[in-house]
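Participant: Here is what each chain is made of, one letter per residue.
4 protein chains.
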Amino acid sequence: MALVNDFKWKKGMSVKELVSSYGNIGFQSIELKKASDVIVKMKKNNAKIFLTFTSNMVTSGLRGFFAQVIKLKMANVIVTTVGGIEEDIMKAKGEKFSIGSFENDDIELHEKGINRIGNLLINNESYMNFEDSIMPILDKLYAKQKQWTVSGMLREIGLMLNDDNSILYQAAKNNVPIFCPAVTDGAFGFHLYLFQEKHKDFIVDVVKDFGNILLCTSHDEKKAVIALGGGVSKHHAILSTLLNGGAEYAVYMTTAHKSSGSMSGATTEEAKSWGKVKDESDVATVIGDVTIMFPLAMINALEELDEDGILKEKRGK
Amino acid sequence: MALVNDFKWKKGMSVKELVSSYGNIGFQSIELKKASDVIVKMKKNNAKIFLTFTSNMVTSGLRGFFAQVIKLKMANVIVTTVGGIEEDIMKAKGEKFSIGSFENDDIELHEKGINRIGNLLINNESYMNFEDSIMPILDKLYAKQKQWTVSGMLREIGLMLNDDNSILYQAAKNNVPIFCPAVTDGAFGFHLYLFQEKHKDFIVDVVKDFGNILLCTSHDEKKAVIALGGGVSKHHAILSTLLNGGAEYAVYMTTAHKSSGSMSGATTEEAKSWGKVKDESDVATVIGDVTIMFPLAMINALEELDEDGILKEKRGK
Amino acid sequence: MALVNDFKWKKGMSVKELVSSYGNIGFQSIELKKASDVIVKMKKNNAKIFLTFTSNMVTSGLRGFFAQVIKLKMANVIVTTVGGIEEDIMKAKGEKFSIGSFENDDIELHEKGINRIGNLLINNESYMNFEDSIMPILDKLYAKQKQWTVSGMLREIGLMLNDDNSILYQAAKNNVPIFCPAVTDGAFGFHLYLFQEKHKDFIVDVVKDFGNILLCTSHDEKKAVIALGGGVSKHHAILSTLLNGGAEYAVYMTTAHKSSGSMSGATTEEAKSWGKVKDESDVATVIGDVTIMFPLAMINALEELDEDGILKEKRGK
Amino acid sequence: MALVNDFKWKKGMSVKELVSSYGNIGFQSIELKKASDVIVKMKKNNAKIFLTFTSNMVTSGLRGFFAQVIKLKMANVIVTTVGGIEEDIMKAKGEKFSIGSFENDDIELHEKGINRIGNLLINNESYMNFEDSIMPILDKLYAKQKQWTVSGMLREIGLMLNDDNSILYQAAKNNVPIFCPAVTDGAFGFHLYLFQEKHKDFIVDVVKDFGNILLCTSHDEKKAVIALGGGVSKHHAILSTLLNGGAEYAVYMTTAHKSSGSMSGATTEEAKSWGKVKDESDVATVIGDVTIMFPLAMINALEELDEDGILKEKRGK
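Chains A, B, C and D, in that order, give the protein sequences. For the first sequence, our numbering assigns the number 170 to the initial residue and increments by one for each residue that follows. For the second sequence, our numbering assigns the number 170 to the initial residue and increments by one for each residue that follows. For the third sequence, our numbering assigns the number 170 to the initial residue and increments by one for each residue that follows. For the fourth sequence, our numbering assigns the number 170 to the initial residue and increments by one for each residue that follows.
Treat the hints with care, since some could be wrong.
Because identical chains cannot be distinguished in the list, a pair is counted as satisfied if it fits within a single copy or across any two copies.
What the hints assert, rightly or not - Below, simulated DSSO-like cross-link-like pairs (lysine-lysine); rule was C-alpha separation at most 30 Å, straight line:
| id | residue 1 | residue 2 |
| --- | --- | --- |
| 1 | Lys-177 | Lys-210 |
| 2 | Lys-281 | Lys-242 |
| 3 | Lys-217 | Lys-179 |
| 4 | Lys-262 | Lys-367 |
| 5 | Lys-367 | Lys-210 |
| 6 | Lys-313 | Lys-281 |
| 7 | Lys-315 | Lys-445 |
| 8 | Lys-265 | Lys-213 |
Just so you know, these hints were derived from the structure itself, not from any lab.
With the hints as constraints, model all of the structure from the sequences given.
Facilitator: Structure below.
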């Protein structure tokens, strides 16, 4: 049985050394180390990895890391909400988001034309520039075909961007589909609506896209879910892997708790009920803020996989 | 300035007496009383009320209360996730959900064919029966027309149900549109997909439905949001009222906190930044479980409105 | 197996009717109803009830309710923190606390000489008046004897107060000991220190008081813990019942979660490990704000016990 | 204004590089970086640092880190709960704690004589061995003098231990007082009680110790509070710095939220009301698990201070 070890700082300590120590500290640090181990395991066992995140994480600087994770073949399917799509495009087009405070005066911000997401700030101008960018993009899409699935559309958009740090760009380049079931729930939805008003035969076919996520894997393939935050993104990945027999590996990171019965707070305990999880070492739930925890768990996994030559091999492709 | 009062139990105390006392107890009890007051105020000022909830609340017994709230004209627009739609239909078709425990053994439940949502349980059989119910419904819809908006489809389904406690039924009967932007994110999405496989021209048009929620109100009309839980439902109601100039009134009830920057945890403080909220008495955020808090706040509001003859008037229609 | 029932409002609904319905709604409402049932059970089975709460709850209007609960013999031992003692005395001496906001400007409040506890406000003046009240009280205690246990001291102070809504007063009158292990952690501690500076032989003997809480019950007696919030109060009640063989009944209400490994977030699951809890119906953990939940659970229990003549009997004594 | 930056992993990344990046990611990662900066600032400005933690953190491997932090002169006053004292002594005497799971079967553990604190496990044997260790220690203390303050007693015990990783040992060696206002709330309290039963004139004087914490600093000295977790420890440090005019710097790390009005969830916003905090850069509140966050913030601060020669200088003393 593993023992609690006294943690000690060593000068110049690496993230890998710290996360390794976490495994013997206690409480959520243990779960975080376990999450990292499960990520290593899912990769080594060639599972198809479904990575889900919410739009506020794309507002944050995790956006570039998600793009890198895709590039490193650590995510094979993406599920997210439309705000994340919008903000990835905004950033790819050069918009800058700035850092404010949870305690900012919202009325004052409103007068300055600034929108607040937690302690991050987006100017109204960025949304207006997004409108200017998206309309010609929709024109191009429409010129190609009248009916689109969401993932199909996002792939096309990704190919039009040219930003190494863009999630859409890296996903398109690496053949990673991005699913976004609630595609109309954001400024993008508004622009789709305006476009359709002018082009009545323009259709976004979400039902067909359900087929795409369903068929992007199979019962035979090993499957893994890394769900950051909750909501529709998390649920959609779980649903589509379940319809394929359930995931063998699952890592959930969330600030929500299971006490309200919400999807956001559902733990990987339930994953055991899918009947495919082999043992405790295949699942981990970590409670806390993803902006702190996901880099820790993923960096440690990347370092380990890199040492084992698994990351390098893929990178070479 | 209001004072803290020593709370005392009186035999046979009514919910209204208790919630009234809450206003002078402290912490979340004060916020809950305030939420109830904001609900009364939005109704008295004839605001169009957007009520949002997540699917786990429909799993719970709040489902009948939501139906009643719609019947009593206390909600004019509904936004929810597709799990809630499915379960409302299941219950209308006679399925029974049972009460388990947060600590149930999930592997054991799996072997018995039981699904757990927090401390509530749904049999696999209920999902199978849902499949049997939904297919002929889709046939009927398709016979009428090939392209549907989600809200249009849900209205038709509501009219086919015959259950006073059904959200879809009461919404259809009372001309309350139900929006569900992520309509494919559930068993219903799977059935839509299977149906489309057989009927290639069957289309669910989510873009057009964005127009419907956008145009269901206007800049001139007073608007209110009651958001129970977070996620896409909450965001969609806020987005569509914002595009109409912002809501004058907002009540959020959630277990999420603002510290993660998520939509689920966003408070009504931000609502002030919309520029239409007049003062502190127009918004309230209550932290806690909706199954306990929403009945308290809404019952107190219903009793007050009933005493003032406002509820009665509407009921008579 | 109990079923989920559609909840419906009835005009004039009582708290008892609502809490009864809670048992069939879902998530925390079910746990709250269970908590109420455990309270009824512990009383009917003549368990010695340890009630613990934190000082912010005494800042709130729960203070009068705690006094009433003691008067109604629903609490036989109290454990709390010293802030609660101070504020109970302040209120007994006529101080009024007022209602502010979680969003108050703290710098502004500071300039006005106002202290904020969440959304409640206490004037500096109240603390100064407390100083004026407590010094003659300490003089009287010292005149009687030089060494005091905390519970002995609090009993004497309770007898000096004359306020039906006072926790100390009702506890003293009803022979309910109040334990406060961290007695110096507040303004009261400061005054004890100043007093001791002038009277070097004045001693507060916390070690002896540990004996008092240990010996206030026994292995043979049935024991119950109702822990509101966490911290030292909760831990002290659990410790002293454990040293007497463990409690048969336990109700925890808290906003903390078990994920951090803290005492505040520890659930009643662990109570099963004491070996005396007979079955699931003897323990309940409810997650949420005590100002909302404790009145609900306790009122329902009081109404039930009153109907069964159990409360009346005691009241007649 | 600082901008959000796309985060990218670099092979062999150090903790310092990661925490530095955190400052431009978002949400709690920004607050964590800020907390680290405040720690650097308090040290550079020679503030007296009050470090508080709860006993579950001493159960965890943070115990060795706390000892190291004391040794490195990064904490000048300690406030904790008695469980932490007990477990520090147990570990110094060679007891090993092991790693379990939040989902362990508590009844089974009970049968095996194992106690669970979150996902950590302590054998009953360790408590029994503690009893064997503590009794001769109390004998020695009593032989020296009959009346002890808590901090005086803990200093003596620290000097009897011989473990570089022990909090008590390092504190005693480095003249860092340890305050523990609720000293009887644990097994140690029970042993003090048993000892007093045999030696009636043995007194633990908590009132006198209040004077010690009060006089360990002054109005003139700069003061800082690093509060890990909440409860009595956090409150006691805030109280004693407040009575000395308030702290100039404050870092709070907690899983509690301010919504319940508890001390555990109180944020550093309130610290501004003390009137001594100069600006935003002097305070930080981070929401999350201390086992993950404290090492990150403190390691980054240690690396920075070390680079600036500030840590080295102190170390040389």
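Participant: Hints first: check each against the structure and report whether it holds.
Facilitator: Results of checking the hints against the structure:
no. : hint                 : in the structure
1   : Lys-177 with Lys-210 : both (27 Å within a copy, 22 Å between copies)
2   : Lys-281 with Lys-242 : neither (41 Å within a copy, 38 Å between copies)
3   : Lys-217 with Lys-179 : between (37 Å within a copy, 24 Å between copies)
4   : Lys-262 with Lys-367 : within (25 Å within a copy, 41 Å between copies)
5   : Lys-367 with Lys-210 : neither (50 Å within a copy, 40 Å between copies)
6   : Lys-313 with Lys-281 : neither (40 Å within a copy, 50 Å between copies)
7   : Lys-315 with Lys-445 : neither (41 Å within a copy, 39 Å between copies)
8   : Lys-265 with Lys-213 : neither (37 Å within a copy, 33 Å between copies)
Consistency with the previously given hints fails for numbers 2, 5, 6, 7, 8, ordered from lowest to highest.
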